[in-house]
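Chemist: Letter by letter, the chains look like this.
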Amino acid sequence: MKTEPKAGLDLRSLVNRDNNIVQLLIMTVLIFVIMTALSPDKFLRYYNFESITYLFPELGILSIAMMVAMLTGGIDLSVVGIANLSGILAGIVFHRLLDQSGGVAGAGLPTVALGITLALGVGALAGALNGLLITRLRITPILATLGTGQVFTGIALVLTGGPAIVGFPDAWSFIGNGKVLGIATPLFVFLGVAVLISFMLVRTTLGVNLMLIGTNPKAAVFAGLRTARMVFYSYVLTGMLSSVAGIILSGRTNAAKSDYGNSYLLQAVLIAVLGGTNPAGGKGSVLGVGIAVVALMLLSSGFQILRFSNHLIDFIWGAFLLLVIAINALRNRSR
Amino acid sequence: MAIFQRSEVVIGAILLGAMVLIGFINPAFWHLDNLFSLLRSNVIIGIMALGVLLVMISGGIDVSFPAFAVAAMYLTIKGMILLGYDGVVLPLIVATLMGAAFGAVNAFFVHKIRMIPLIVTLGTGSMVRGFLLGVVGTSMINIDKMPRALIDFAKQDAISMRNADGTTYGLTAMVLVYIGLAILIGWILRHTMIGRGIYAYGGDKEAASRAGFNTGAIVFFVYCTAGALAGFAGLLHGGMIWLANPRDFVGLELDVIAAVVLGGASIFGGRGGVVGTMLGVFMLVMIKNSLIILKVDTTWQRVVVGIVIVIATAITAWRDRRRGA
Numbered sequence: 001m002k003t004e005p006k007a008g009l010d011l012r013s014l015v016n017r018d019n020n021i022v023q024l025l026i027m028t029v030l031i032f033v034i035m036t037a038l039s040p041d042k043f044l045r046y047y048n049f050e051s052i053t054y055l056f057p058e059l060g061i062l063s064i065a066m067m068v069a070m071l072t073g074g075i076d077l078s079v080v081g082i083a084n085l086s087g088i089l090a091g092i093v094f095h096r097l098l099d100q101s102g103g104v105a106g107a108g109l110p111t112v113a114l115g116i117t118l119a120l121g122v123g124a125l126a127g128a129l130n131g132l133l134i135t136r137l138r139i140t141p142i143l144a145t146l147g148t149g150q151v152f153t154g155i156a157l158v159l160t161g162g163p164a165i166v167g168f169p170d171a172w173s174f175i176g177n178g179k180v181l182g183i184a185t186p187l188f189v190f191l192g193v194a195v196l197i198s199f200m201l202v203r204t205t206l207g208v209n210l211m212l213i214g215t216n217p218k219a220a221v222f223a224g225l226r227t228a229r230m231v232f233y234s235y236v237l238t239g240m241l242s243s244v245a246g247i248i249l250s251g252r253t254n255a256a257k258s259d260y261g262n263s264y265l266l267q268a269v270l271i272a273v274l275g276g277t278n279p280a281g282g283k284g285s286v287l288g289v290g291i292a293v294v295a296l297m298l299l300s301s302g303f304q305i306l307r308f309s310n311h312l313i314d315f316i317w318g319a320f321l322l323l324v325i326a327i328n329a330l331r332n333r334s335r
Numbered sequence: 001m002a003i004f005q006r007s008e009v010v011i012g013a014i015l016l017g018a019m020v021l022i023g024f025i026n027p028a029f030w031h032l033d034n035l036f037s038l039l040r041s042n043v044i045i046g047i048m049a050l051g052v053l054l055v056m057i058s059g060g061i062d063v064s065f066p067a068f069a070v071a072a073m074y075l076t077i078k079g080m081i082l083l084g085y086d087g088v089v090l091p092l093i094v095a096t097l098m099g100a101a102f103g104a105v106n107a108f109f110v111h112k113i114r115m116i117p118l119i120v121t122l123g124t125g126s127m128v129r130g131f132l133l134g135v136v137g138t139s140m141i142n143i144d145k146m147p148r149a150l151i152d153f154a155k156q157d158a159i160s161m162r163n164a165d166g167t168t169y170g171l172t173a174m175v176l177v178y179i180g181l182a183i184l185i186g187w188i189l190r191h192t193m194i195g196r197g198i199y200a201y202g203g204d205k206e207a208a209s210r211a212g213f214n215t216g217a218i219v220f221f222v223y224c225t226a227g228a229l230a231g232f233a234g235l236l237h238g239g240m241i242w243l244a245n246p247r248d249f250v251g252l253e254l255d256v257i258a259a260v261v262l263g264g265a266s267i268f269g270g271r272g273g274v275v276g277t278m279l280g281v282f283m284l285v286m287i288k289n290s291l292i293i294l295k296v297d298t299t300w301q302r303v304v305v306g307i308v309i310v311i312a313t314a315i316t317a318w319r320d321r322r323r324g325a
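Protein chains in written order, with the UniProt record's numbering: chain A, 1 to 335; chain B, 1 to 325.
Mixed in with the good hints there might be a few duds.
The following residues of chain B were derived to be distant from chain A, with all beta-carbon distances above 10 Å [as the list claims (entries may be wrong)]:
#: 1; residue: 10
#: 2; residue: 13
#: 3; residue: 28
#: 4; residue: 90
#: 5; residue: 101
#: 6; residue: 148
#: 7; residue: 213
#: 8; residue: 295
Partner residues aside, some chain A positions facing chain B, computed with beta carbon under 8 Å [unchecked claim]:
#: 9; residue: 139
#: 10; residue: 153
#: 11; residue: 154
#: 12; residue: 157
#: 13; residue: 315
#: 14; residue: 318
Stretches of chain B that chain A covers, calculated by requiring three or more beta carbons in the stretch to come under 8 Å of a beta carbon on chain A [said to hold, decoys possible]:
#: 15; region: 115 to 121
#: 16; region: 133 to 141
#: 17; region: 246 to 260
#: 18; region: 297 to 307
#: 19; region: 311 to 318
No lab work stands behind these hints: they were computed from the structure.
Glycine included, every Cβ here is placed at the ideal spot set by N, Cα and C.
Work out the full structure, taking the sequences as your base and the hints as a guide.
Modeler: If you want it as structure tokens, here you go:
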């Protein structure tokens, strides 16, 4: 007798609190059903879902990075630049170290570990630069990362001279291309990152503080939070997440280039916003971003199967973004 | 020294210093030929920058205008070919109106839905470009198919010069179009209610609204004008390079925003002017074009532009803080 209404109440409060999650889930199911109805024989193939598990982790991690930057009301337009630069620097080091001694492909685990450390270091350093510009020089995040994004992409271009760096160690490619227990390794990386960041946001001081800063920066300062330091850390984290995406991207394609994944920038912003992140700060969850990535991946793979042009998918994503913004606004107003 | 507190004067001084430095490293910089081509490169970016200036004074940011420009250009030229129409005035009006219509969508989302401009313009830009490439087509329209009148119009020179070896070069008359538009925008900003309203709105929306400004009209004016200028510049660009490429202008938003910030406009709104923006555009174009003259490998272009953006924004942030305090 006692438990039943309580359970009902809990469900309702969950729905209310995470209205956005429910809305996203409904949208995802709708997309799935519509795509299945439009092209059942092709869409429901195992291969289709398998290829999604390889493709979405890099975009998903970039979107989580974008979400982290947005928590404090900021944005990071340099994520793609950081991702590419990380992959390129690792690739260059592999070639410098290994070209003479028997080729890159058979590199040992220590070398690959060095490469990963280097890539993450690049991300941390690039993020730290963003963080310093934003917190110390107090440049607005949009403009600071707009500039540094150019610098990172530019350095990548200078390092490679334009063409892609091809040929990564097998162990590196495994991260982006391999299988563990029949499931794509990038998926494991994504899940690991998602759980880690989710935990950090909900259970650690840094995460809670970031949310508070985003909700009300002035109150956060008066409450004695070290706002600048927290924001700085969040950009370092964003940078490192970007380089994880860069590692997966270069592992999957076995190449790194200064202009890979350019379209990812808009998509990462879009997914973060779709996933319920408030661009003005204070609100966002890894779960929401995760569902949004899956929804959009289903959407774009469905359209690809229907032989729509890739450009049209850009159109649909943009329309989707504006539609969701409008729906959210209308719902908030009617309340 | 009140004169040094005007950002235009400071930017102008830096610009002059940079020009002297570049000219010192390679005197070819001062050749009239080079200066004319520099001015020519200012036209398209400059016209778009005037629109972005309005958006930034109002406290917003616009990353959709390159998509609007390329859509207005490509659709207008396609239409001209389809109808067999060969003129200048009507197509320019059509492209301008098309840009204004796109801009109205931005304004609608910014004003009615109250969504932050960056997200809105990312969405609309992606939609317009996706629609253009996905539905209208990806093939370029080359000079043999381009409307003649458009090319002839954009080819006109204001000044013609002859080299010692008999070749001619000149200053394109499109510079006058650019300057004309700049004067118009400057006049609107300075002497009309709507212009003053844009500054007021960018300074403090709430205060502007209470002071009796029609904030809706201001937002629509700002984004429609930005779209219109982009559409106009897009078609002009097609005429100037004798080519309609639906993939054009990718990444141009960064350059234009950089130029406007370089020119002293504040991203928080309420601050910025036409003269500063024109100087900012000139500085950016000069830096990009002069790398070759300075014998720097062009792969460094993006690094240099990025560093310029960071420095310029750091200086404006510093200035805004000092004035704010």
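Chemist: A separate judgement is required for each hint: does it hold in the structure or not?
Modeler: Each hint tested on the structure:
1. 10: At about 18 Å from chain A, residue 10/B clears the 10 Å cut-off, so the statement holds.
2. 13: Non-interface label on residue 13/B holds, nearest chain A Cβ at 22 Å vs cutoff 10 Å.
3. 28: holds (24 Å)
4. 90: The assertion about residue 90/B holds, with a minimum of 28 Å to chain A.
5. 101: holds (15 Å)
6. 148: Correct as stated: the minimum Cβ-Cβ distance to chain A is 30 Å, above 10 Å.
7. 213: holds (23 Å)
8. 295: At about 15 Å from chain A, residue 295/B clears the 10 Å cut-off, so the statement holds.
9. 139: holds (5 Å)
10. 153: holds (6 Å)
11. 154: Check passed: Cβ of residue 154/A comes within 3 Å of chain B, closer than 8 Å.
12. 157: holds (5 Å)
13. 315: This hint holds: residue 315/A lies near chain B, its Cβ roughly 3 Å from the closest one there, short of 8 Å.
14. 318: holds (3 Å)
15. 115 to 121: holds (count 5)
16. 133 to 141: Answer holds; 4 residues pass the 8 Å Cβ test.
17. 246 to 260: Our answer is that it holds, as 3 residues pass the Cβ test (under 8 Å) against chain A, meeting three.
18. 297 to 307: holds (count 10)
19. 311 to 318: holds (count 4)
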